[in-house]
Amino acid sequence: MEFILQPLTLVIFFPLVGVLALLFIPSENKNAMRWTALAVSVATFVISLWVLGRFDASNTDLQMVARYNWITVAGWNIQYFLGIDGLSILLVLLTTLLTPISILSTWTAVEERVKEYMIFFLLLEIGMNGVFLVQDLFLFYIFWEFTLVPMYFIIGIWGGPRRIYAALKFFLYTMAGSILMLLAILWLGIHGKTFSLPDLIAQGGIPANIQMWLFIAFAAAFAIKVPMWPLHSWLPDAHVEAPTAGSVILAGVLLKLGTYGFVRFNIPLFPEATLQAAPWIALLGTIGIIYGAAVSYAQPDIKKLVAYSSVSHLGFVMLGLFALNPEGIAGAILQMINHGISTGALFLLVGMVYEQTHTREFRVYGGLWKIMPVFGAIYLIVSLSSMGLPGLNGFVGEFTILLGAWGAGQNGIFYWGGVWFAGISAIGVIMAAIYILYMFQKMFMGPQGEVVEETKKHGRAIRDLNWREIVTVVPLLILIFWIGLYPAPFFNLIAPAVNHLVGTLPLP
Amino acid sequence: MHLSESVNTGFLFLAPWLVFFPVIGLLINTLFGHKFSERMIGAVASLASGAAFVVSVLLYVTVSGAHGEAMRWQLAEWMHIGTLSLDWTFRVDSLSTTMMLVVSGVGTLIHIYAIGYMHEDVRFKNDVGRFRRFFVFLNLFIAAMMVLITGDSYLMLFVGWEGVGLCSFLLVGFWYELDLLARPSWSNSFAAVKAFVANRVGDFGFLIATFIMFWAFGSLQFDKVFQQVPTVAPGVIIAITLFFLLGVTGKSAQVPLYVWLPDAMAGPTPVSALIHAATMVTAGVYLVARSAPLYSSVPEAQNIVALVGAVTALFAATIAAGQFDIKKVLAYSTISQLGFMVAAVGMGAYVAGIFHLVTHAFFKALLFLSAGSVILGMERGHHHAAHANHDNHGKGKKGKRKEERHDARAERSHSDSEGADEAHGEVFDPGDMRNMGGLRKTMPVTFWVYMAGMVALSGIPPFSGFWSKDEILLDASMHNQAAYWLLTIAAFFTAFYMGRQIWMVFFGEARHEAAARAEESPKVITVPLIILAALAVLGGALNLPFEGFHNLGHWLEATLGEVESLPLNLQVAGISTLLALLAILISWLMYARKPFAKDQTDPLASLGLFFKGMNNKWWMDELYHLLFINPYIKISYFIAEVIDWRFWHDWFHEKVIMGTYNWISFTGLNEYADQKGIDAFANGLGTWTQSLAGTLRKVQNGFVRSYALSILLGVVLILGYLIFK
Amino acid sequence: MTQSDLTTILPVTILTVWACVLLLVDLLIPKTRKGITALLSALGLAVTLGYTLAQIGSEVTGFNGMVTLDGFSIFVNALLLVSGLLGVALAYGYIKRMGIERGEYYTLLLFSVVGMMLMAQATDLIVVFLALELLSIPLYVLAAFARDKTDSEEAGLKYFLLGAFSSGFLVYGIALIFGATHTTNIFAIVEFVSTSTGSLLLTIGAALLLIGFGFKVAVVPFHMWTPDVYQGAPTAVTAFMTSGAKIAGFAALLRVFATAFPSIAADMTNVFWVISAATMILGNVAAVAQTDIKRLLAYSSIAHAGYILMAFVPYGNETVVATSVAAGLFYLVAYVFTNFGAWGVVIALEKEAGKGLALDDYAGLAKKHPALAAAMTIFMLSLIGLPPTIGLIGKLYLFRAVIDAGFVWLAIIGVLTSVVSAFYYLRVVVIMYMKDGEPAAERETWLDTTTLVTALVTVVVSFIPQFLFAWASEAVLKLF
Amino acid sequence: MIPVDYYIILSAILFTIGVLGVLVRRNALIIFMSIELMLNAANLAIVAFGSVFESFSGQIFVFFVIAVAAAEVAVGLALIVEIFRSKRSIDVDQVSSLKG
Amino acid sequence: MTLDLALFLLLALIAIASALGMLISRNTVYSALYLVLNFVTVAVFYLLLSAPFIAMVQITVYAGAIMVLFLFVIMLLGAEGLPKSEVLPWQKPLAIGLSVLLFAEAAYLLVTKSRPVGNVLPPAEAVNATENLQQLGIALFRDYLLPFEVVSILLLVAMVGAIVLTKKERKARQ
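Protein chains in written order, with my numbering: chain A, 1 to 508; chain B, 509 to 1233; chain C, 1234 to 1713; chain D, 1714 to 1813; chain E, 1814 to 1987.
Since the hints were made in silico from the structure, they are not lab data. Ideal Cβ positions, reconstructed from N, Cα and C, are used throughout, including at glycine. Hints should not be assumed to be uniformly reliable.
To spell it out: a stretch of chain C is covered by chain E in this simulated footprint if at least three of its residues, at any positions, have a beta carbon under 8 Å from a beta carbon of chain E; those stretches are [claimed, not checked]:
hint, stretch
1, 1293-1301
2, 1337-1343
Label pairs and their computed distance ranges (CB to CB) [claimed, not checked]:
hint, chain 1, residue 1, chain 2, residue 2, range
3, A, P506, C, G1290, 52 to 62 Å
4, C, G1268, E, Y1921, 51 to 61 Å
5, B, V569, A, I371, 26 to 36 Å
6, C, S1237, E, R1839, 24 to 34 Å
7, A, W416, B, G726, 24 to 34 Å
8, C, S1237, E, G1910, 51 to 61 Å
9, A, A39, B, R691, 49 to 59 Å
10, E, F1885, C, G1268, 48 to 58 Å
11, B, K1163, A, P207, 53 to 63 Å
12, A, A39, C, I1697, 28 to 38 Å
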C-alpha cells in the first residue's frame, strides 16, 4: 500500500482505475463510460492538486520522491524513481487539467467506440504524467514511447479522412526521433552505472566532445516532438487529422514533452554542450518563430493555421530555454503552460465549430460573431492570449522569454547571434497579430459566409455554445486571465528550480 | 500597501478603482446586460466611467494636496523572476492625474452621447443586440486607458498601451460585417485588423525599447530608470528613445505608421471621438512626456521626434484638405494635430504638448461628436426621404432596405466624375460632404458647436486651440526652426480644411434630399456637445502664456521637472493667427462665395496632381501595399505553399524520406495510407508492387534451387572473407 | 553408463521414453479422441519440465564429455519444454479443425523437443549433428503434415531439401574441425586450441558449422526457406518451428562458439556482425511488403533472428559476453512468448483451406473480438519493442549489451530496423482497429488460454523482468 | 604414403560436384543424390583425417553420418513420393507456389 | 610415383568421373548407378585408409540399401528425364560460377593457406580388420553410447515419419 499511496505514483496510475472500470462497462452504455472517464480524470486532477498542496516551492530538490530498485542485475541499475520539482509541477497540473477537458470536449463528437476512446485517453494521461514525473532515464524512455501508442490510436481511429496516414507519420517521426535518444540513454546508463537522472547530473564528468554527441542525440528526439523548425513537417498532418480532443492534448501536452525534455535532460546533463549549442538552438527557435508565423498566415485551414502557430510559439519556448537565464527559462516554462492553455483552447473551440459546420476552410466562413456571440467572444479572448496580448497569459511568457533572450544576447550566451535573436523574434509578435487577427477576421467578422447556408442545407442551424461547451472552456479562460494578471503564484513555483538550474551551468 | 513616502495619501487607495469601476461596469453589462434595457446598459456604463471620473477628481485633490508629488499604490505582484521584478503599481502624479481627468471626463461625456448615438446607429444597421456590446467595449477602453496612464512601470504602461489597441480593434471593427456605408463587406474588419497590426508594429518598437532598458537600467519602473539616466551611456538611451518613437508613431498615428487612423473611422462616431481623437492616440504623446528624463538627456533623439511630429503635422494636414468624407477630414486633422503634440514633446516642450493634448481632446472630441450628429441627422433625413418615396410607391415594409438600395442606385447620377471613392454612388453616404450643405438651418445646435470646435482647431484666438498651438509654435521657433516652419504651414492648412468643411457642410444649399430633410439630434447627444463646446472655447485658460496663468505648467512641473514658462510671443502668435485667418478667407472664397454646387468639381482640383495627391492620401496606402503588405502576403504564401508544403512536406518528407522508405521496402506507405490505397494494397499486391519488387520479392521466387544458391552464396562470401581477409 | 551419465540426460530420457510409449499408446486411442494423445504428450512435457527445473543448480558432464548439464542447458531446456507445451496447446484444436488430426503429430513433436534439448546439452560435435537431425526430421514431417494440402507438401520438401543441403555443409565443417583439432569434442577442441595455434582450417570449419546453425535459425543469407516453409506448414507447426528450432539453433551456436572457438572470435565477430545486420535489415524490410500474416510473421521471425544474433556478436569479448548472451537469452524468451501468442491469434482466425490468413481478414477484429485484437496488439507492440511489453525490455537489454560491447552501429541498425518494423506490425493493428470487416475467429479453450497466458507473460514480465534476467545471467555464467 | 591433403582435395572436389548437383538439377531425386554425395565427400575427409591421427572417432562419426543419411533418405523419399502423387512430377521447379 | 599414389589417382579419377556422371546424366537411373559406382569407389578409399568396417558399411548401407531404395523410387516414379525448360536463366551460370569459386577457395585454403599435414597410414601398417572391428565396437558402446542411442531414436523417428507421410488415410478415403 505504501507503494501505491505515494502521491506521484497515484497521479500517474490513478487513471488505471478508470481503465479497469471502463473494461467492465457494457459498450452500449456510452454515457456511463463518458462519466466514468470524466470522473476518473477529474479525480486525477484533484490528486494533482493534492500534490500541489504538498509541494514546497522553496525547495529545489526533488520532492515526494518514490524510489525503488526495479531492475538491478548484471550492471543494470534501473529504478522506479519518481520525483517532482518546479520544472515539472505545472506541466503535471496542465496534463491533469487538460485531460478532463478533452474528455468533456468530445462528449458528443465521439459516438463510436466510446470505450476504447476513453481508455486511450486515460492511458495517454498515464503516459504523459509518467514522462513528467520519472527521474530514471530508462523509465523515462518507456513512458516516452508509451505516450505514442494511445495517441496513435486516437488519431488513427477517430481522426479525419487521412487519419491513418497522419497517425503513421506521427508515429514514425516521433519514434525515429527517439531512437538516437535511446542509444544516448543506454550510453549514459553504461557510462554512469546508473540511469538515475539526479545521480548522473551529480556525477557529471562527461567529456565535452561526447557531451555534444549525446546532446544531439537527446535533442533529436525532443526537437522532433517540439517540433522545432525544420522538423515540424509531421505536425500539420497530425493536427489536421486528429479529433478535437486529440489535437488539444497533442498541442497542449505532447509537444511540451519535447521542450520539457530539453530543460529536464539536455541542459543539466550536458551543460558544456548546452552552452555550445545555445546559439544554434536559439537560431532554430528564431527561424521557427518567424517561419511558423509566416506560414500560419497563408493557411487555408483553421487547424493547420493553429498547428503552424504552434511551431512559432514553441520557437519562443526554445529561445527562452536556451537563453539560459532565469527570465528566459522561467518564461519558457510558463510559456509551455500558456501554449497548452491557449492553443489547447483554440483547438477546443475550432472543434466546437467544426462539429457544427464540418468544415475548417476559412474560405467559407465569415460573420460568425453575429450568430455565435458568446463563442466569438471566447474565441477572441483565446486568440488574443495566443498572440500575446498583455494582461493575458501569453504575454507574460513571451515577454519574459524575449527579455531573457535579449539579455542572453547581450551577455554573450548566443555568441554571434547577439541580441538579433530576441530582436527578430520580437517581429514574430507582429506576425502573430497578423495571422491571429486574420483568422479571427475571416471567421467571425465580415459578411456572413457560405458555411451558414451550407449548414442549414444539412438541416442544422448553427447555434451558439451550449452549457457543456462553455464549461469546457471556462477553466482555460480563467487560467488565461489568471496567469496574465497575476502570474506570481506560477512564477513562485518555477523560480527556485530555475534559479537552481541556472546556478549549475558553467556560464561565462 | 502604498509606497508613497508622503504621509497624507488621501484618496490614493482609490487608484486601482480607476480600473475596477469600468471593469465592473463591463462585467455587469456582459453578464446581465441581456436582461437590461438600452437605457439601463448605457446608465451602467456611463456610471462606471463617471465613477472613474470621480475617482480621478479625488486623486487630483489628493495629488494637489501633495503638490503634484508622485504617489504609488501597489496592488499586487506581477512578474518576479530572476532580476525582473514588476508589480501592479499605480502611479498618481500630476501628469497622470491630468490624463485621468481628460480620459474619464471626456470619456464619460462620450458615454452619455453614445447612448443616444448608438440607439439610432444600431437601428440604422439592423442589429439592436449590438448596443450592449458597444458599451462593454467602451468601458474596457476606459479601463485599459487607465492602466496606461496610471502604470508605474513601462510594462504596465504597455499593458494599457496594447489594451487600448485591442479596444481600438474591437470598436473599429464594431460593424465588422459592413463597410462605411453599411453594406455587407470586409472593409470594416480590414480596417480593424489594420489598426491592430499597425499598432503592433509600433509595439514591437516599444518591446525592444523595454528590453534594452531592462538590461541597461535593471528595471522598468519609472523612478528607478530615471534616477539612473546619468549613469547610462547616451547611445543606449538614444536606442531606447528611438524604439519608443516607433511605438509612438504606431499609437499616435505618426509618419510612417499613421495609415491605420483614417481607416479607423469605420468605427462608430463616438469611438472616433473618444479613442481616435481625444485619448488613445495621445498615448504616444503621454509616453514621450512620461519619459521626459530620457528624452531630455539625448537631444539627437529629441530632434528626430520633433521632426517626425512636424512632418506628420504638415503631411496629414494636406491630405485633410483633399477629403470629402466629413470624418476623414477630421481623422487627418487628428493625425496632423498629433504631429503638433509629438513635435512639442519631442522638443522638450512637454507642457505645451500636454496642453495641446488636453485642448485637442476637447475640441476634437467635440468635432467628431458633432460630425456624428451631422451624420445621424443626414441618416434621419435620408430615412425620411426614403419613407416618403416608399409611401409614394406604396410598397410593403419588408422591401424597405431593398428600396433604399434602389434609390441609391438612382442617385448615382449625381455622383461626381472624379470618383476616387468608388463606394460613392452605390448607396447613400451620410458622411460625404458633397451630399450635405445648408445644414446650419436644419441642425442649428450642431452647427454652433461645430463652429466652436472649428475656431478652436483653426487656432483663432482666444479659443483654446490657439493657446496650445501657439505655445508649441513658440517652442518650435526657439528650438527647431525646421519644425517651426513645417508646423506653421500645417497650421495654415488646418484652418483651410476646417473652413472648407464648415462651408461645405453647413452653408450653401442642400445638395441632397437627405440634407434637406436632416433633423437635429436629441438632447442626449446635444448636451454633451454643448459641454464640450464650452470646454473647447474656454480650455485655453488652463495655461495662458501670461505670468501667473501657467497653471498646467506648474501643475506638471512636479512630474516633468522644471519647465520654462514662455510669455506670449507676438510675432509667432501673429503669424499663426494671420495665416489662419487667411486660410479661412481663401476657403470662403473657394467654397462659400459661390456655394459649392451639387455636381461640382472641387475647386482645389485646379491644383491638378497636387489635389489628386491630397485626395488620394498621397497614395500612401497603395505604397504600403506595394512595399509591405503584398510582399508579406506573397512571401507568406510562397513559404507556406512552395517551401513548406510542396518542398518540405511533400517533396522532402514524402518523396525523399517516405519515398526512400517505400523504395527500400517496395511498397507504398502513401498508397497504403490512403484509404483507397489500402484496398488496392489488400487486393493482393497487384502488378504495381510486383513490377517494383524487382529484386527482393523476385529473389524470393519460390524455387528451392535458388534458395540453395543463396546459401551457397553465403558460404562463398563467408569463406572468402575468412580466407582472403 | 554411470549415475552421472543418467543424471545428465534424465529429462531427455524421460521424454524419449514417454514419446516411445506414447507411440504405442496412441494406437489404442480411437481416431476420434486423439485429444487424449495431446493431453498425454502435454503431460510428458510437463513432467519433463518439472524434472528439468528440479535440476537447477546441477552441473554434470556425462558420456565422456558428450553432453553436459549446466545452468545454460537447464534454462534452454525449460524454454524448449514450454515451447513444446505451447505448441501442443496451439495444435490441439487446430489440427482437429483442419482435419489433420493424428496421434503421430504429438509424438513427432515430442521427438523434436528431445532433439532440441539434446542440442542444448551437446558438447560433442557428433551429438550436435545427431541432435540437429533428430530435431529436424520430425519437423520435416510435421511441415508436410497436412498431406492433402500441396502447400504443406511443398513446405516439407523445401525444408527437407535445403535442410539436408545445409547439413551437408555442417558435416563438412565438422570434418574440417576434426582435421584441424583431431577431435570432435568441444572440450578437447578447447584444449587443443589452447596448446597449439589454431589453424585456418578450424576457422573455416567453424564457419561451415555456422552455416548449418544459421540455416536452422534462419539468418541471412540462409533464410530463404523460412517464409515459404512457415507459410506452407500447418500454422501450429509453424508456431512451434519458429520458436523451438530457433532456441535450439541458437543454444548450440552459442555453446559451440562460446566454448570451443573463442580463439577465432576476432574473425567470427565480423561475420556475425554482418549477418546480424543483414538479417535485421532484410527481414524487416521484406516484411513490409507482405499481405499474408503467416509470411509477415515469417519475415518477422527472420528479423528477430538477427536481433538475437546481435547478442552473440561480442562473444569473444570476455568482459561483456556474459551480459550480452544473457540479453540474448532474455530476448529469446521474450520472442518465444510473444511469437506463440501472435501465432495463437493467427490460428484463431485461420479457416479451412488457407483462408483467413490475409491481413485484410483481420479488419474489424477489434470490434468483433476485442480481446483477441487487444492480445494481438500486445504481441505486435512486443515485436516492435514498445512498452508495456517484454519485447521492449528484451530490446533494451540487447541494445545496451551491444553498445556496451562497442558495436554502436549495430545497435543503431537494430534500432532503425525496429522503426521499419513498426510499420508493418502497426499495419496489423491499424487493420484490426481502423478498418471495418467481418472477421470470424475460432474461440477454443486451449487456444484462448494460450493466447491469454502469453499475453499476460508479455505484459507482466515487462514489469518484473528482473528475475528472468537474473536467471539468464546466472545460466550463462559458467559457459565462458 | 599418400599425403592427406590429396584426400581432402578429392573430397572437396566431390563436395563441390554435389553442391553443383543441388543447384543445377531440377529432378528432386538427383538433388537428393547430390546431397548424399556431399555427405559422402565429408565422410571421406573425416576418414582421411582419422587415418592420419590414428583415431577411431572419425570412423565412428562416419558411421553415424551414414546412419543419419539413411534416416534422411527414408523421410526424403517419402516426401518426394508424396509430392509426386499430387504433382505428377518430381521437378522441383514445379514446387514453387509459395513465394514472394 | 609410387604404387599407392597411382592407385589413389586412378580411384580419384573414377570417383570424380562417376560423380560428374551422376551430375550430368539425363536419365535418373544412370545417375543412380553412377552414384553407386562413386560410393563403391569411396568404399575402396576407406579400405585404403584402414577403415574396413566403414568400407563395409558404405557398401552395404549406402550402395546397397540406400541406393536400392533410390532405384525403387525411381522405378516407381519413372526414370525419364525432365523436359528441358529452364525458368531460371541465371541459375546455372551463377551456380557454376559460385561452385567454382567455392572450390577455388577450398583449393587455395588447402594448398597454400592451411595445408593439412601428415600422411595417411598405408594399409599394410593398419591394424587388421578384426581388431579394428573390435575396437570400433567397444568405442561405439562405451564412449559413443549416447550418439548410438540417439541414432536409434533417429531411425525410429524417420520410420514413423515416412509412415506418416505415405500411409493412406483410411478415413480420408471414405
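Legend entry - Unmet hints by their number, sorted upward, for this structure: 5, 6, 10 and 11
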